[in-house]
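In terms of numbering that gives the first Met the number 0, the sequence shown opens at residue 0 and continues consecutively.
Treat the hints with care, as some may be off.
As the list claims (entries may be wrong) - Label-pair ranges, simulated between beta-carbon atoms:
(1) Leu140 <-> Ile20: 28 to 38 Å
(2) Lys194 <-> Ala160: 17 to 27 Å
(3) Asn204 <-> Val153: 20 to 30 Å
(4) Ile4 <-> Glu173: 19 to 29 Å
(5) Lys207 <-> Ile53: 20 to 30 Å
Worth flagging that the hints you see were computed from the coordinates, not collected in a lab. Each residue gets a CB set at the ideal place from its N, CA and C atoms; glycine is no exception.
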Amino acid sequence: MERIICLAVGYLCGLLQTGYIYGRMHGMDIRQHGSGNSGATNTLRVLGKKAGLIVFLGDALKALIPCTVVRLIFGGQPETAGIAYVYMLYMGFGVILGHNFPFYMHFKGGKGIAATAGLIASLDWRLTLACAVVFIGCVLLTHYVSLGSILVAVTFFLVNAFFSYQGYYGLNPEALPEFWILLAAISVMAIWRHKANIKRLLAGNENKIF
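Please construct the entire structure, taking both the sequences and the accompanying hints into account.
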């Protein structure tokens with residue numbers, strides 16, 4: 000039951016479409032411009048750096064806050080401490096699903112990277128640092144935000160799998176397979192949402208951020 004509740008509450012939190020709201024405040028539907036997504040990267044390209052930063056922070060916080068609350072609630076109880084991080088992933092996955100597929104926008108949202116960043120920040124500062132280094136390094140070297148996002152998804156899975164295997168999250172041994180499946184689902188979702196970008200990267204005509 001806790002898993003379903005976390006997933007459902009996460010989806011509701013993900014429905015807060017910062018990019019769409021910001022665009023409407025400026026008299027436009029952000030999905031009708033640029034790449035057609037309502038996320039931070041498209042907002043950055045269409046409306047500028049300030050707008051992109053605001054949307055990124057909004058989309059990240061809608062995952063960071065509920066995931067942190069889940070960790071505090073379940074991590075502080077002896078009977079659920081060994082599975083608290085699993086519940087966090089359910090919450091985070093729900094937020095990403097709500098962001099990517101908002102029902103009131105005909106299931107046309109963003110790609111979930113900023114929301115994933117919020118989930119990452121709620122899990123572990125070392126994971127956050129590793130993903131930040133990978134993303135910033137990739138974007139500075141290649142100018143491809145999409146490639147940086149894909150590499151972050153891979154880093155997210157690998158580092159979390161290692162941390163959980165080493166016992167950093169205090170997970171019960173029987174909870175590890177479920178944790179890893181959720182990690183894989185979140186990572187695959189992020190990569191799948193970039194399928195058009197991957198095609199353009201392979202063809203050599205992907206848009207650069209600057």
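Here is what the structure says about each hint:
no. : hint                          : verdict
1   : Leu140 <-> Ile20: 28 to 38 Å  : 33 Å, holds
2   : Lys194 <-> Ala160: 17 to 27 Å : 23 Å, holds
3   : Asn204 <-> Val153: 20 to 30 Å : 23 Å, holds
4   : Ile4 <-> Glu173: 19 to 29 Å   : 21 Å, holds
5   : Lys207 <-> Ile53: 20 to 30 Å  : 22 Å, holds
When held up to the earlier numbered hints, the structure conflicts with none and fits them all.
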